[in-house]
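For chain A, the structure is supplied; the task is to place chain B with the ligands on it using the hints.
Line by line, the protein sequences give chains A and B. Just so we're aligned, residue 1 is where the first sequence starts under my numbering, counting upward by one. Just so we're aligned, residue 1 is where the second sequence starts under my numbering, counting upward by one.
There's no promise every hint is true.
If you want a taste of the chain B side facing chain A, the calculated C-beta under 8 Å gives, among others [as the list claims (entries may be wrong)]:
hint : residue
1    : GLY36
2    : THR37
3    : LEU170
4    : ALA172
5    : GLU225
6    : MET227
FRET-style restraints, in silico, Cβ to Cβ [to be verified]:
hint : chain 1 : residue 1 : chain 2 : residue 2 : range
7    : A       : LEU243    : B       : ALA187    : 51 to 59 Å
8    : A       : ALA75     : B       : ILE77     : 28 to 36 Å
9    : B       : THR95     : A       : ARG107    : 25 to 33 Å
10   : B       : ARG70     : A       : ARG107    : 40 to 48 Å
11   : B       : CYS15     : A       : ALA75     : 36 to 44 Å
12   : A       : ALA75     : B       : GLY119    : 36 to 44 Å
Far from chain B, some chain A residues (derived; all Cβ distances over 12 Å) [to be verified]:
hint : residue
13   : THR60
14   : ARG78
15   : VAL299
Rather than coming from a laboratory, the hints here were simulated on the basis of the structure. Every residue, glycine too, gets a C-beta built ideally from N, C-alpha and C.
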Amino acid sequence: MAAKGGALVLRRLTKHYPNMAAVDGIDLEIAAGEFLTLLGPSGSGKTTTLMMVAGFTPPTAGDVLLDGSSIAGLAPERRNIGVVFQNYALFPHMSIADNIAFPLKMRGMARPAIAAKVEAALGLVQLSGLGGRRPRQLSVGQQQRVALARALVFEPGLLLMDEPLGALDKKLREDMQFELKRLHGELGVTIVYVTHDQEEALTLSDRIALMNAGRIEQLGRAEDLYERPVSRFVAEFIGESNLLDGRVEAGWFTTPDGIRAPVAARADGAVLLMLRPEKVVLAPESATDGLAGTVSELVYGGDFTRYRVAVGAATLTAKIANSRAPFRPAVGASVRVLWHPGDECIIPK
Amino acid sequence: MPSARLPRIVLWLFCGLVIVFLVAPILVIVIASFNGTPFLQFPPASWSLRWYVRFFASERWYEAALLSLRVAVVVTIASTALGTLAAIGLVRGRTRFRAALELFLVSPMVVPVIVMAVGLYFLLAPLRLTGSAAALVLGHTIVATPIVIVIVAAALRLSDGSLELAARSLGATWWRTVRYVTVPQVAPAIGAAAAFAFLTSFDEVVLAVFLGGPDATTLPKRMWESMRFEIDPTLTAISTLLTVVATVILAAAQLARRAEERS
Ligand SMILES: Nc1ncnc2c1ncn2[C@@H]1O[C@H](COP(=O)(O)OP(=O)(O)OP(=O)(O)O)[C@@H](O)[C@H]1O
Ligand SMILES: [Mg+2]
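So that you can see chain A by itself, here it is in the shape it has in the complex (with noise of 0.2 Å):
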């Protein structure tokens, strides 16, 4: 199985439901052989995105593009596109031979060729030997094997997954996740991914679409996303972060309610501070730069402590490293809150 990635195209993309936009005019361009994840809340669209590539559901307008020609007139099983169900829709009534073999036989390959077919396969996905049995006969993880082996056996160039690790707790997930990133390396099939675990996104991803509402508030690598958030909903949406209102002047960042501190922002104007907890340094009182703090609370995470730091009205979090940090502060300790020159993020309002 050496399937060659797929290039999709996304235009305008859009499902209107009666009272709402589902999905609201996207634009993507996924390149062949891309592991892009659709990452988003609850009912931001992302289902409705994957199932209008797949051909279940019709947009209500713009097009959707495979290897440079339009697919959004084709019936879904003319698309030639895998797709890996949450619940795994195998067939219950099917060994998992047979399961894997459905896609060959609708495609009217020749029995012995089908037969080698699913052998490689079952073997891809390391469960060789249990062709015999029923989807209800193997564990959780394995049948997501097996609901993997039978979207790829046909050798699609795209395959898309929809929360395909929701089911699994998080010691198979994670050994799930890996052999998914394996098995795209080794078959360079272009991979859509709905999740909305921003861990896995994270974890899996070239790059993440960032959903919201039916649009993509923003697109890029996992870095981009996490460091450089476009809108207080990235910021808040993908790990944890201390929000500041405020503007800024001259090189100085200030707040309505006394915070001063220098930034390295280019423009003056409303901004959102945005300080990833992990990059907040504690201080002793007696420093002679940073934010007077006192400290609120404190919670002991094994290889980490989060301070939380009351600062003027706002109440920032710390996530300190404990294998080096030679200053720990008690609850009600004063203490300077600060961070290295242009560790915060400065969003533009």
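This is chain B with the ligands only, laid out in the frame that chain A set:
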């Protein structure tokens, strides 16, 4: 504490009475069918199998039974096929008029059979179709199809629709999806529906009276006639046999369903 037990005893008594009430007529007929005297009698004064022998020996009864069987088989095939496809359309289809369509398709269940019979009679008479097996098949299919629709649609609503989407994404056309995925999914329900369709036709008497005419006489119609003109004790034997057939068919459908669930 007798005061606490009293309601339970009353409840059991009541349930027992209901069961007796439901089963008694069948029991009376079954016992009477083994009657040895030459007239209908309950309880029988002597025992014999003479009415069963009479049934199988009489060409009149035998032909009626054969016609009933033939009609019922065709009706079963036609209504199961039509009803299953209609149920798939109703449950999985995307039309806006789904609710109205479903109401329309199952309406023969609420229209009194006698109304249907009179209507069909006036419709088929000018076409010279009354008095034929074809008319019976038509009438019975109209009555049996809604039953199939209701049973299969209920099973489809419980089944996992994503299996069909998966089949489509894997390259199966709509028809092949129905054949390889949808139908196997609800096969036990289709089997049960077929059993009910068969019995609906096999037991049906009103349409048979109106549409059968003098030439196409089904078993229930023959029984009805024999009730009217003479009280022939063969009736009790036939009734017993019909009850057995119905019980066996429904039990088989039920067992098939259980086996499917366990497999
Ligand atoms: N058939 C439908 N009719 C009406 N509204 C719909 C339909 N399907 C989806 N929607 C609406 O469209 C919006 C987007 O739904 P979608 O399933 O794409 O969200 P999602 O991002 O996949 O969410 P989740 O993470 O919960 O799966 C939701 O508000 C949903 O209620
Ligand atoms: Mg979804």
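Taking the hints in turn, this is what the structure says about them:
1. GLY36: 53 Å, violated
2. THR37: 55 Å, violated
3. LEU170: Cβ of LEU170/B sits 4 Å from chain A, so the hint holds.
4. ALA172: 5 Å, holds
5. GLU225: Status violated, d = 47 Å.
6. MET227: 47 Å, violated
7. LEU243/A x ALA187/B: 51 to 59 Å: 57 Å, holds
8. ALA75/A x ILE77/B: 28 to 36 Å: 30 Å, holds
9. THR95/B x ARG107/A: 25 to 33 Å: 30 Å, holds
10. ARG70/B x ARG107/A: 40 to 48 Å: Since the Cβ atoms of ARG70/B and ARG107/A sit about 42 Å apart, the hinted range of 40 to 48 Å holds.
11. CYS15/B x ALA75/A: 36 to 44 Å: 56 Å, violated
12. ALA75/A x GLY119/B: 36 to 44 Å: 41 Å, holds
13. THR60: 14 Å, holds
14. ARG78: 8 Å, violated
15. VAL299: Holds, because the least Cβ-Cβ distance between VAL299/A and chain B comes to about 41 Å, which exceeds 12 Å.
In summary, the numbered hints that this structure violates are 1, 2, 5, 6, 11, 14.
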